[in-house]
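If you read the sequences in order, they're chains A and B. Each residue of the first sequence is one higher than the one before, starting from 7 at the first, in our numbering. Each residue of the second sequence is one higher than the one before, starting from 747 at the first, in our numbering.
Everything labelled a hint here was simulated from the structure, so no lab data went into it. Incorrect hints may have been included.
As the list claims (entries may be wrong) - Far from chain B, some chain A residues (derived; all Cβ distances over 10 angstroms):
| hint | residue |
| --- | --- |
| 1 | R21 |
| 2 | M39 |
| 3 | F46 |
| 4 | G61 |
| 5 | W134 |
| 6 | E176 |
| 7 | K206 |
| 8 | F214 |
| 9 | W244 |
| 10 | T270 |
Unchecked claim - Result set (SDA-like, lysine to any residue): computed pairs, CA atoms no more than 25 angstroms apart in a straight line:
| hint | chain 1 | residue 1 | chain 2 | residue 2 |
| --- | --- | --- | --- | --- |
| 11 | B | K846 | A | E113 |
| 12 | B | K863 | A | T26 |
| 13 | B | K863 | A | L101 |
| 14 | B | K863 | A | L16 |
| 15 | B | K863 | A | Y196 |
| 16 | A | K266 | B | I826 |
| 17 | B | K846 | A | V143 |
| 18 | A | K265 | B | R808 |
| 19 | A | K265 | B | K882 |
| 20 | B | K882 | A | Q36 |
| 21 | A | K265 | B | S844 |
| 22 | B | K885 | A | T26 |
| 23 | B | K885 | A | K265 |
| 24 | B | K846 | A | F214 |
| 25 | A | K266 | B | P836 |
Stated by the list, open to error - Label-pair ranges, simulated between beta-carbon atoms:
| hint | chain 1 | residue 1 | chain 2 | residue 2 | range |
| --- | --- | --- | --- | --- | --- |
| 26 | B | E880 | A | S145 | 50 to 58 angstroms |
| 27 | A | W108 | B | V968 | 39 to 47 angstroms |
| 28 | B | R759 | A | L242 | 52 to 60 angstroms |
| 29 | A | E176 | B | E880 | 52 to 60 angstroms |
| 30 | A | W108 | B | G783 | 31 to 39 angstroms |
| 31 | B | N918 | A | T270 | 22 to 30 angstroms |
| 32 | A | M181 | B | S1092 | 57 to 65 angstroms |
| 33 | B | V762 | A | T187 | 41 to 49 angstroms |
| 34 | A | W207 | B | G793 | 52 to 60 angstroms |
| 35 | A | L23 | B | A1019 | 53 to 61 angstroms |
Keep in mind the model is a prediction, meaning the values are calculated, not measured. C-beta atoms are modelled at their ideal positions from N, C-alpha and C, and glycine is treated no differently.
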Amino acid sequence: MTGLAVNAFLAMLRRDLVVTGREFVPFLLQALMQPLFFLFIFGKVLPGIGLAAPGFAALMLPGIVALTGMIAAMQGVTLPLVLDLGFAREIDDRLLSPLPVWWVPLEKVLFAAVRGTIASSVIFPLGWWILGDGFAVRSDRLLMLVGMVVLTALVGATIGLLMGTVIKPEQISLMFTLIFTPLLFTGCTYYPWGALYRIKWFQVVVLFNPLTYAAEGLRYSMVPQIGGHELPTLPLVWILIALCTSVVIMFILGTRTFKKRVVT
Amino acid sequence: MTTPGKSAAIEVRNLVKRYAKSNTNAVDGVSFDVSPGQIFGLLGPNGAGKTTIIGTLTTFIRPTEGKSSIMGFDIVDSPIDVKRRIAVVPQQSNLDRSLKVREILTFHAAYHGIARKQREALADKLLGELGLGERKNEKVSRYSGGMAQRLMIARALMHAPDVLFLDEPTNNLDPQSRLFLWERIRSLNAQGLTILLTTHDMDEADKLCDRIAIMDHGKILVNDTPAELKKLIPGGSVLELRAWADPAEAVRVGARLLPALRALPGVTKVDEAAAEPPAAPPPGAGKKPGGGGWPGGPPPGMAPAAPAQPEPGILVYRVYADAANTLIGAAAQAVVSAGAEVRDVSVKHPTLEEVFIFLTGRHLR
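Extracted from the complex, chain A is given alone in its bound form (with noise of 0.2 angstroms):
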């Protein structure tokens, strides 16, 4: 039985290969589009006019990457999910596979986190272009990088799943408002999260947002050493535990909910 039901969970993981490896161009334009504009303007138009810091790009790739990664795993599920439960129904053929129904969920939120890692890593090469000596990335902490980029889809992917689990197709573009602008903003991505010690009420919103720790964790695997000091970011440790919490708590949450809109 159980070889059964992985069979079934592997042939989905390859229909929805062959569904996005149809749509890739899309999908990377889909992704890409919004962080190509954030590098050029504040990576090489802002410092170049002089009003950011030359430095400043080396401290935004890691958020741009984050924010990146994170959205995309989250289009991957959320969408359609809200379609699929809403009306389009296409899910129930997987649903009456031979497999436990939370399989499908899970299986959206893989795929999902692969999608968000493939938009996440392409950030490198296109800031890499964009930014040319401002591109600055360390390489000693490479492995760190790598988790913390899987780590960031799938924050994203089950953040996507819940948000895909609850959202009824008439509320999408609201809530995709309501959601997203504060997601962006409140993350970390533009600026870190040491330096908001300034304004510390700020600092306090932002440790709510999981893009927050995606962020810093990617500052810390990412920003070199100035002058042989080591940027501050928040505490690996806490970073870890925030992002390993948010995945587990996003994920049962937003089964819980799934569960309850295909069985009724």
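Since the structure of chain A is provided, determine the placement of chain B on it from the hints.
Showing chain B alone in chain A's frame:
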């Protein structure tokens, strides 16, 4: 779960489903068996609970009470075993629109663990049989409703299920597709597939089903073969009577006529039916002043465009009786005595539709 001496393909015992925030049971204590190789029809008005029963048996809806099994596997305790043995063709297309037609079949089979070679051969065979072979590399969005329906049937057959659920399979199909589907259903059944279908189409139920359960308000009213169900109309006949009375008098005439018809010998039930508009109104019929049912004539500007209205004063009765043909004279006499004119009398032999209306009444759901 199975009764000694026979093992049912589908067994439903005291099934109850009450949805959250509802104060009535959508399915209210339903029990029935479907033997292997049978075509079983669930008939009922909209909202009778048919789709809820299918949803429960296909593991999408959790029963509030009761036990049900498919091929001996409990639907709550062993949903995965159940899923391996069933296939579902829903009312509305749920085909995977991101895949090409042939992939819809091959991936479905892959979800069920069927090896690549086998599933590809089977997909081609089924697509050919269902007349979709030429367009197997398209996406479903280019398919017509009938083609999508056939594709869903092909998909359902990919993992060789024991039990097939068809939820209103021929709804919205053109006559050609409907006939084609009926033939397919029969030939699948001849190969041993057990089929449970829901339908509003009495002709379909009559032609296809070995047994039929007629449902209303979440309960099964009767469960029998089509032939036996038709015997439910006592004596097996219906007298349909159209009479006309002066519109001003119609209500009073009706009040006299109804008990008179009920008192005729052998009558078991009399239904007062709504008068339907004449099938093809004569040109200008709607323009008669005061003829459209508007007090003081139709509103200005509306009369020429008014749709066909039933002629005022028309009374229609369905008299269920042991021998309706012997009542023609007496019924006509009753009409005249009540102060009306006979417009039409006809004796109908019961169709499944008569049985259905007899059991579930005529009011709209």
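Verification of the supplied hints:
1. R21: violated, 5 angstroms
2. M39: holds, 22 angstroms
3. F46: holds, 33 angstroms
4. G61: holds, 44 angstroms
5. W134: holds, 33 angstroms
6. E176: holds, 18 angstroms
7. K206: holds, 45 angstroms
8. F214: Nearest chain B Cβ is 31 angstroms from F214/A, so the label holds.
9. W244: holds, 40 angstroms
10. T270: At about 5 angstroms from chain B, T270/A fails to clear the 10 angstroms cut-off, so the statement is violated.
11. K846/B to E113/A: holds, 21 angstroms
12. K863/B to T26/A: holds, 24 angstroms
13. K863/B to L101/A: Given that 25 angstroms is the threshold and the Cα spacing comes to 24 angstroms, the pair holds.
14. K863/B to L16/A: With Cα atoms ~17 angstroms apart, K863/B and L16/A stay inside 25 angstroms; holds.
15. K863/B to Y196/A: Roughly 52 angstroms separates the two Cα atoms, so the pair is violated.
16. K266/A to I826/B: Holds, at roughly 18 angstroms.
17. K846/B to V143/A: violated, 43 angstroms
18. K265/A to R808/B: This hinted pair holds, its Cα atoms lying about 11 angstroms apart.
19. K265/A to K882/B: violated, 33 angstroms
20. K882/B to Q36/A: With a Cα-Cα distance of about 30 angstroms, the restraint between K882/B and Q36/A is violated, given a limit of 25 angstroms.
21. K265/A to S844/B: holds, 23 angstroms
22. K885/B to T26/A: Measuring from Cα to Cα gives roughly 15 angstroms; hence the hint holds.
23. K885/B to K265/A: This hinted pair is violated, its Cα atoms lying about 29 angstroms apart.
24. K846/B to F214/A: violated, 43 angstroms
25. K266/A to P836/B: This hinted pair holds, its Cα atoms lying about 20 angstroms apart.
26. E880/B to S145/A: 50 to 58 angstroms: holds, 56 angstroms
27. W108/A to V968/B: 39 to 47 angstroms: holds, 41 angstroms
28. R759/B to L242/A: 52 to 60 angstroms: This hint holds: roughly 58 angstroms between Cβ atoms.
29. E176/A to E880/B: 52 to 60 angstroms: violated, 39 angstroms
30. W108/A to G783/B: 31 to 39 angstroms: holds, 35 angstroms
31. N918/B to T270/A: 22 to 30 angstroms: holds, 25 angstroms
32. M181/A to S1092/B: 57 to 65 angstroms: holds, 60 angstroms
33. V762/B to T187/A: 41 to 49 angstroms: holds, 46 angstroms
34. W207/A to G793/B: 52 to 60 angstroms: Check passed, 55 angstroms falls within 52 to 60 angstroms.
35. L23/A to A1019/B: 53 to 61 angstroms: At roughly 60 angstroms between Cβ atoms, A1019/B and L23/A fall inside 53 to 61 angstroms, so the hint holds.
Of the numbered hints listed earlier, those contradicted by the structure are 1, 10, 15, 17, 19, 20, 23, 24 and 29.
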